[in-house]
Amino acid sequence: MNEKSFIRDRLVPVGSILLVILIAWYVAAYSMNAPFQRDFDRRAGETRTTAEFLMLTMTQPKPTMPAPHQVASNLWKNTFTVKPWSKRSLVYHSWITLSATLLGFAMGTALGVVIAIGIVHVPALDRSFLPWIIASQTIPILAIAPMIIVLLSAIGVTGLLPKALISTYLSFFPVAVGMVKGLRSPDVLHLDLMRTYSADKLQTLWKLRIPASVPFFFTSMKVAIAASLIGAIVGELPTGAVAGIGSKLLAGSYYSQTVDIFAALIAGSVVAILLVTTVDIVGRFVNTRMGARSQ
Amino acid sequence: MSAFRPNWQALLSLLATIYSLTALPFTATMNPAWSIAAVVILAAGALVSMLRAASSIQTTALALASFGAAALLIVGLADASGTATAGYFAALVAAWLLGWRLVTVLSGDGSRGSQSGNLISITVPALFGIWVLILWECIVRGAGVPFVLLPPPSAIGLRFAGSLPILAADFRQTVLKAVLFGYVVGSLTGFLVAILADRFRFFANGLLPIGNMVSALPMIGIAPIMVIWFGFDWQSKAAVVIVMTFFPMLVNTLAGLAATGDMERDLMRTYGASHWQVLLKLRLQAAMPFIFNALKINSTLALIGAIVAEFFGTPIVGMGFRISTEVGRMNLDMVWAEIALAAVVGSLFYGALALLERTVTFWHPSYRR
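In order, the protein sequences belong to chains A and B.
For the first sequence, the working numbering assigns the number 295 to the last residue and increments by one with no breaks.
For the second sequence, the working numbering assigns the number 664 to the last residue and increments by one with no breaks.
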């Protein structure tokens, strides 16, 4: 094997596959919008040239499948040409979702770490609680999202917190499971060494277990923050399309505004990529500073 | 050597039991004699657990005391919800502490292998689950939490048993149609595309970063689009499930196919094996743990995808539909019944996959004893 080159092994393949996806998207947009356009023209009694027809399938106001440039222009319009704090701005909606995501993620991570520390130190918790944590992963937790929102609004808790709680619920599992693994990762030799220093449990935790768990911590946080965003978006569905990316999706589905839905999806994806990348970069930085080998 | 060996759970439990005597009877309708009986049982259990006795005697005494007292406390709530006194809750806490002590005794000193019989590893989590249900039932009914906020488990159980036909119809619509179809098609296409991509380096190099990125995206958001494209029935939900399950399978299979070492591959080359022979006999075998990991992730994703997609529009049947409408009508017991159904389906699905994994990847180090 010769040396890895970024351009040959990364940029060209990824770029060409993205290009194929873009072309496939245009083809799909044409073929999915054509029946409606044909029908429309027949009723209006118009005959069109092929080029004209092609153009029209790409510029429908409510297309079945919006063409990429329609989505792009919608994104541009709702991101850069309107004030970021106006209700039409995707920046505003993304911020609403992002704030719920971050709050939920912070609470979920803290909860996950506390649970993991408990499980590692209390055998009874390990035996009785850990199986339930794993089992609860198999339960479609998002199903109760609407109920949590409705319940909390019934007792007067509205706004950011209910959504954040759903995010918390989704994000604490990966952190708890990953941290249990991480806190148990020091091998017997190191634990024995701590014992020869006559370190107590707290010192072992602080000086050995927690540093050893840092790589696991960041890996599980990457999963957790993605889950947290999903939680925040789904949490916005039952609130009845007030604000946030989830509400844009719901409003789009009510009024069949496919362009809006796609734009909101892409906004959500951008937020997801930003979040995961941030965690990744911070993780790399911290790992390097703590002396981990770079990969 | 003293005959006593105090432990903090039993001591606290005794304190709580003594405190509960200050507020007899526990509830409006509870017979004072029964309240006293609960107190006596609790105190006896706490005292026996502090004796230096064989662990079998201790576990029996603790189990009898904690569950006996809990049973009395639950029975005492009949027709008296919301009237529980502070003493009632003190007794409940005492019973729970004894339950905790029981779990601690059963778990041993934490050293794995000392007592790790199969029976214990099932009993301990089961005890935990039962205690969650007991506390939920007693607190919700004892404190008179409004039914629309949180129904007690007994009401959920009754509702579950009483609406089996509806639940069966929802199960058929959501799980048998949307989830199964989408899961099988999505996982299979992900797998096949990964096999193809693996044949051509260029494809794999391009697909892996994209797949990794897409796996982190909130794919659930495509649900409204699929509902617009494929209509309200199960087909749109299956489409969501296909898209959601495709990428984890693709990424995991690609990672799994890359998991074999140079040594094994070289060995296959010395045998003169063709690409497909190496794939079938070596690399797919090595990829199985990764593939099963994807199958497990997908089992959860598929259920979530189908249920959430139903929030965007359905015919008048389906688990997601039932959840969103019954929340609106404040029939919380029905919602919880659906969630219980989803939990059971999800756990069975996962459990079946785990069993299959054990048989297929029996060689994996994690199953060694």
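Because the hints were derived from the structure by calculation, they are not lab data.
Among the clues, some could well be false.
[Said to hold, decoys possible] Taking lysine-lysine pairs in the DSS-like style, the calculated list, with each CA pair at most 30 Å apart, reads: (1) A:K222 <-> B:K591; (2) A:K62 <-> A:K87; (3) A:K62 <-> A:K83; (4) A:K87 <-> A:K77; (5) B:K591 <-> A:K181; (6) B:K576 <-> B:K591.
Now the hints, each set against the structure:
Taken as a hint, the A:K222 and B:K591 pair is honoured in the structure, with Cα atoms around 19 Å apart against an allowance of 30 Å. Distance hint between A:K62 and A:K87 is fulfilled; the C-alpha atoms sit about 21 Å from each other, no more than 30 Å. Distance restraint check for A:K62 and A:K83: the Cα-Cα separation of roughly 25 Å lies within the 30 Å cut-off, and the hinted pair is therefore satisfied. A threshold of 30 Å between alpha carbons decides the hint, and for A:K87 with A:K77 the separation of about 13 Å falls inside it, so the pair holds.
Between B:K591 and A:K181, the direct Cα distance comes to roughly 19 Å. Compliance with the 30 Å bound is thereby established for this hinted pair. Distance restraint check for B:K576 and B:K591: the Cα-Cα separation of roughly 23 Å lies within the 30 Å cut-off, and the hinted pair is therefore satisfied.
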